[in-house]
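Asks: Listed below, chain by chain, are the residues.
Protein chains: 2
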Amino acid sequence: MNQDYIQSNPWSIIEEGFDKERVKSSESLFSIGNGAMGQRANFEESYSGPTFQGSYIAGVYYPDKTRVGWWKNGYPEYFAKVLNAPNWIGIDVSINGEPLDLATCTNIKNFKRELNMKEGWYRRNFIATTPNNIEIEVVATRFLNLSHDEVGAIHYQVTPLNADAEILFKPYIDAGITNEDSNWDDKFWNTTNIKSDKNRAFIESHTMKTNFNVCTFMQAHLVYGDTIKDTPHSLNQEELSIGFEFSQKVKKGEKVSLVKYGGYTVDRNHKADKLTEAAHTALDQVSSLGFDGLLEEQKKAWARIWEMSDIAIQGDVKAQQGIRFNIFQLNQTYLGTDSRLNIGPKGFTGEKYGGSTYWDTEAYCLPFYMATKNQEVARKLLKYRYNHLEKAIENAEKLGFTNGAALYPMVTMNGEECHNEWEITFEEIHRNGAIAYAIFNYSRYTQDYSYVPEMGLEVLIGIARFWQQRVNWSAHRNRYVMLGVTGPNEYENNVNNNWYTNYLAKWCLEYTLEQLEYVQQEHPNDYKRILDKTQLGNDETGLWKKVATHMYFPYSEEHGVYLQQDGFLDKDLIRVADLDKKERPINQHWSWDRILRSPYIKQADTLQGFYFFEDHFTNKELEKHFDFYESFTVHESSLSPCVHAIQAAKLGRMEQAYTFYLRTSRLDLDDYNKEVEEGLHITSMAGTWMSIVEGFGGMRVKDGKLCFTPQIPEQWDMYSFKLNFRNRVLKVTVTQEGAEFKIDEGEALEIVVDDKPITLSA
Amino acid sequence: MNQDYIQSNPWSIIEEGFDKERVKSSESLFSIGNGAMGQRANFEESYSGPTFQGSYIAGVYYPDKTRVGWWKNGYPEYFAKVLNAPNWIGIDVSINGEPLDLATCTNIKNFKRELNMKEGWYRRNFIATTPNNIEIEVVATRFLNLSHDEVGAIHYQVTPLNADAEILFKPYIDAGITNEDSNWDDKFWNTTNIKSDKNRAFIESHTMKTNFNVCTFMQAHLVYGDTIKDTPHSLNQEELSIGFEFSQKVKKGEKVSLVKYGGYTVDRNHKADKLTEAAHTALDQVSSLGFDGLLEEQKKAWARIWEMSDIAIQGDVKAQQGIRFNIFQLNQTYLGTDSRLNIGPKGFTGEKYGGSTYWDTEAYCLPFYMATKNQEVARKLLKYRYNHLEKAIENAEKLGFTNGAALYPMVTMNGEECHNEWEITFEEIHRNGAIAYAIFNYSRYTQDYSYVPEMGLEVLIGIARFWQQRVNWSAHRNRYVMLGVTGPNEYENNVNNNWYTNYLAKWCLEYTLEQLEYVQQEHPNDYKRILDKTQLGNDETGLWKKVATHMYFPYSEEHGVYLQQDGFLDKDLIRVADLDKKERPINQHWSWDRILRSPYIKQADTLQGFYFFEDHFTNKELEKHFDFYESFTVHESSLSPCVHAIQAAKLGRMEQAYTFYLRTSRLDLDDYNKEVEEGLHITSMAGTWMSIVEGFGGMRVKDGKLCFTPQIPEQWDMYSFKLNFRNRVLKVTVTQEGAEFKIDEGEALEIVVDDKPITLSA
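Line order of the protein sequences matches chains A and B.
Residue numbers for the first sequence follow the numbering used here, beginning at 22 and rising by one.
Residue numbers for the second sequence follow the numbering used here, beginning at 22 and rising by one.
Note that the list lumps identical chains together, so a pair holds whenever it fits in one copy or between two copies.
Derived pair list, reagent style DSS-like, types lysine-lysine, alpha-carbon separation capped at 27 Å:
| hint | residue 1 | residue 2 |
| --- | --- | --- |
| 1 | Lys-603 | Lys-412 |
| 2 | Lys-404 | Lys-723 |
| 3 | Lys-339 | Lys-139 |
| 4 | Lys-93 | Lys-45 |
| 5 | Lys-93 | Lys-695 |
| 6 | Lys-695 | Lys-419 |
| 7 | Lys-93 | Lys-603 |
| 8 | Lys-86 | Lys-208 |
| 9 | Lys-41 | Lys-339 |
| 10 | Lys-602 | Lys-93 |
| 11 | Lys-419 | Lys-602 |
| 12 | Lys-726 | Lys-404 |
| 13 | Lys-603 | Lys-419 |
| 14 | Lys-339 | Lys-752 |
| 15 | Lys-373 | Lys-41 |
| 16 | Lys-93 | Lys-373 |
In case anyone wonders, no lab produced these hints; they're calculated from the structure.
When you get a sec, could you build the whole thing from the sequences and use the hints?
Replies: Structure representation (structure tokens):
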């Protein structure tokens, strides 16, 4: 844990007291989003202290020309940068002509931020004395509408406390923004039109190269007692920004508020030449509801989300806050309403990593969305990859693969690869397996087998072809081997026979063969169509069988474990527990070659395989592997502790599972990795959800049935969660006394608890 | 072979006919240099066609901020860029007011370039018709003085052939130059002063960051019959350049010439504020000699070089031209007069690779300089690394090594590492071994054992410490292993137990222990001094012994060969001969991951070890290894064919050796690697010399004696070379009939020919 300033609270994230050193961290932690857009918790008024400004629009990116030291054949031309979008939240404030800036105020008191996760709003209040000695109180409330997802609302209230004062509000929108993360300082945005209409203003811009058209807009009015001013006193238009001025003489102790609506209309949803019109329509809708009406809507919309996805924990506020923060952020990032979007690793909270889609989506996020939303949402995530199949085939062709072999990109926005480290881009190919696994996982959980004949089988064939071409026969071992890969543990590069990748490849080949047989029997028309389209022949499937049967897996007789890769035992096997604490995190203390030579594991690798394919192994085997690999794992990836939490729970090691749970659920709140300023770890948050549901709850799907082995950490009195499972909503409640299972409606459901079948009725 | 336009000639490189497509290649091939500076064969007059402009000053570089896609801990801050220096060769020419530009002339006839290697000059002549229909003949001769190495001379002669004409010469110097290779488009040079004095002009500049001060200067005069004009008609001074105008009405058929001297004075040799003064002095000296006098000096200086270093071949002009081109370029690049300088991989012919010093110097260049120059030159190369020892220790510390362990940089200008690919910078550590080997090689050849106690032992201790810390004990193998390295074959990255590196490390440890003992016995005072300085203890040397004794070497019982690295036999072992020719060179056709997975070897790796330590292995062993590895070697490094040539000759496979010899000696002339435009492969040229002396001549030093097993390719009638060996000059002549050995003077010398001892007297 590297920080502990966040107040414990079951439903809110709360910071008290103003500290300039925490501003950037809090800008990340208090971020808000609604799936279509999002923003860091930047101040509305000017702030001259250190800050990281960020507003983001889903799906809008810039293909920043690749920057490398030394070019390698096969590198992609660009890296998709997450774009800082024009700012619509800005409200400059002056008190008797003195600009309000927290960095120059004195006597800052009662500073508080609250992110109310239950209701979906963010509020900041403080009392401060301006350089001209006016003490004021500010209460600024902001939210991004879930129901009108192009618009956000701000209620910015000022009270002069020690004198009457002239309060001037200057709400503005500003396209003069830059990215912190930029390869060549390219200009990312081009602004083509700035205009106003009464108390509304509009900036039309488009991104360079990708040409996404965006209209950034706002509307503002002032409220003082019964007075509502919706005509600005003046208009300031500059080259890249536009703003209004509203001023008001305010009596000591009285409140004046500026209400502002703003946001973006984008050409993903509207015609490019109708964006301003669409903005007008959106503003008409929200202003007819008013700030309070909108906030009511927002509370209801979040209540609907929580109704299904909340996990309640009693007896441990920090644990409760952690899981809700994770669920809240996942829902702020992706709501499953648009199959063109996906779940970026930093969501709408920062620029780092770029792109929007990693294997995180399939390996970590899918189970969360599958169980807490309508299953259509999970299907959309699968379809996203089907839509990119052609580009995955092109990507594989660039690397020399042929005949429809598909390699999905490591990082992408539109299906094209945009990462450029050879050891990752070309070698961290296990991502392909996670995409196949997600198809299996979806079918297993939902029993919706229609995705495979409609779309999934083509994806599986492309992936199977890739694996078959990616291995080679080793005459020496009399087995197929896979050389030059990087497993999930990125602290190893370019290794041979990474067990996880080999195992996943073998499984993909077998699963594809199974699904081919299934589609042939059950959907002969689809089968014919797909065979025609892919030109798949018996010689190929014969080869797949052969590769699957003769795949090589490194194994240590001495330790009784599969080896993470060839040569793992040559390492200097000092356990993490015996490392000097000063050396950690090793990624901040050691040179890259030293990390690579060491046995230390960044995130679950062999154990990731044991997680995916748990039922292929005995508990004894799991235990051996867990004991061996956990002792070398440093968990310097956000995606690591959740898998270990699930497995520790499975092995009945609840204290250890609880420690992993806290680490994953409060990773950002407590800033374990010393980097929360850069944004939140959104995708790993789904792993936190899994830690409870699959870890403590022991939820699995076996033989088509939902099974549980419920446990509870000794620190907790109770926890409960719901699962959307094949048209029923199952509620699971676990206390120290035992577990309770309920369904609300629908057909009876047979589940298995601690290996005993139980039938539930509504 | 990818081009064949260079005319065969024993002493000259000749191009005939003008072809715009060849300009950049010829600019490389006809480059001239004198160890202190050098330049590509750019035209003196303006040329609007494609060209790659380059003038370089030895030791003057710019630390260009590192550019990477993804930063890795340990990367250096900068990459040392070879700098394009201010241009001093420019002479713009106008004919009746029409600028001369070969790209706009018609009827270009008799175009010829000649690089006369025997005498050290470059000439270009042509007849062309200008757009205003004047047919002119141009003969431009240029050379960089060996004896006055700050100055070059140009004699530029124009003859109007079809009419009288007004010829205007505008000699200039120009600091408004840029680099082709630049990470961030930084400004590399800052110009502080431009001035003229009669027919002399000076530009004072310094490099940014490194602050190398340089005065670029020129002097010019016109010669028409008996008329000499040394007062310019006018002066053009601009922000970054300065030039004169000399004009002359010339009668049809008469010659007019512009004679220009120019070059650089640098603060490595003069006080920074006396550079213009030094330039005046240099110009005084050369102008007193005159162009013809200087050229005479140049011929004599080159004759002295050739006297010792020439290899004569009879019966095969291409082979003869190839070896002389190689020897000529090596001498143009480095003459051994300054221990602060070294041998850049492109010499003065291009910018690629940056830096100046690679392991090429020790592994390839040292033997050439040792045998063809005074042995002080080789000693200077060793001393260069001694001077960098402290920085090599700092470099190792950055990567986590301690206690004086030294890692010499992969690429350097001043001892600091400046390369930034993790797989090279951190892992291609065998370079350390080559530096130790060079000390051994020098002592063995010269019997000068004084370098070790004076300087070498400290270097060896630093290197031994590095190896001992870089290995780790593998409990599994009961041996020391070395993980995460890149061998000389850069088509493998981050491998374990690269045989060459392990072997070299073991040898370094043993050699250091031997030398410690030798210094202890023979130079007790030095021993004490060094032990005090390095704080070396018995526990350390004990550990070195243990590591050397228990080093692991991967070996295949099946093939009877040491394996290039762990897992080599897992590869798909298709021989190069069975590869589709269209796929080659693989580095231009395959993605990086495919290259890495393949068995193909860029340059001698295991065989490099057999080259260094030939006497550790039997001929039978060499043959097995050669047959195994040669079949997978693609020789896509310039440093590869020479080692294979030597070993093929050793195995009596003369036809194969001859093929390798041609490939190495004519690599650039015939542009085997399709990249000669970027500059020449200077360091590999020393390998060509070794191919003849050590390959065909079979020269070795064994038991302190020079040994030969002379052979001759059937294509040749004769070849001969000289060796400077312990104060004698030995001349070796080999014909189809036999070999002849002579010494010119000095004590009698016992050599061994075909295992038979022979005593030579002067």
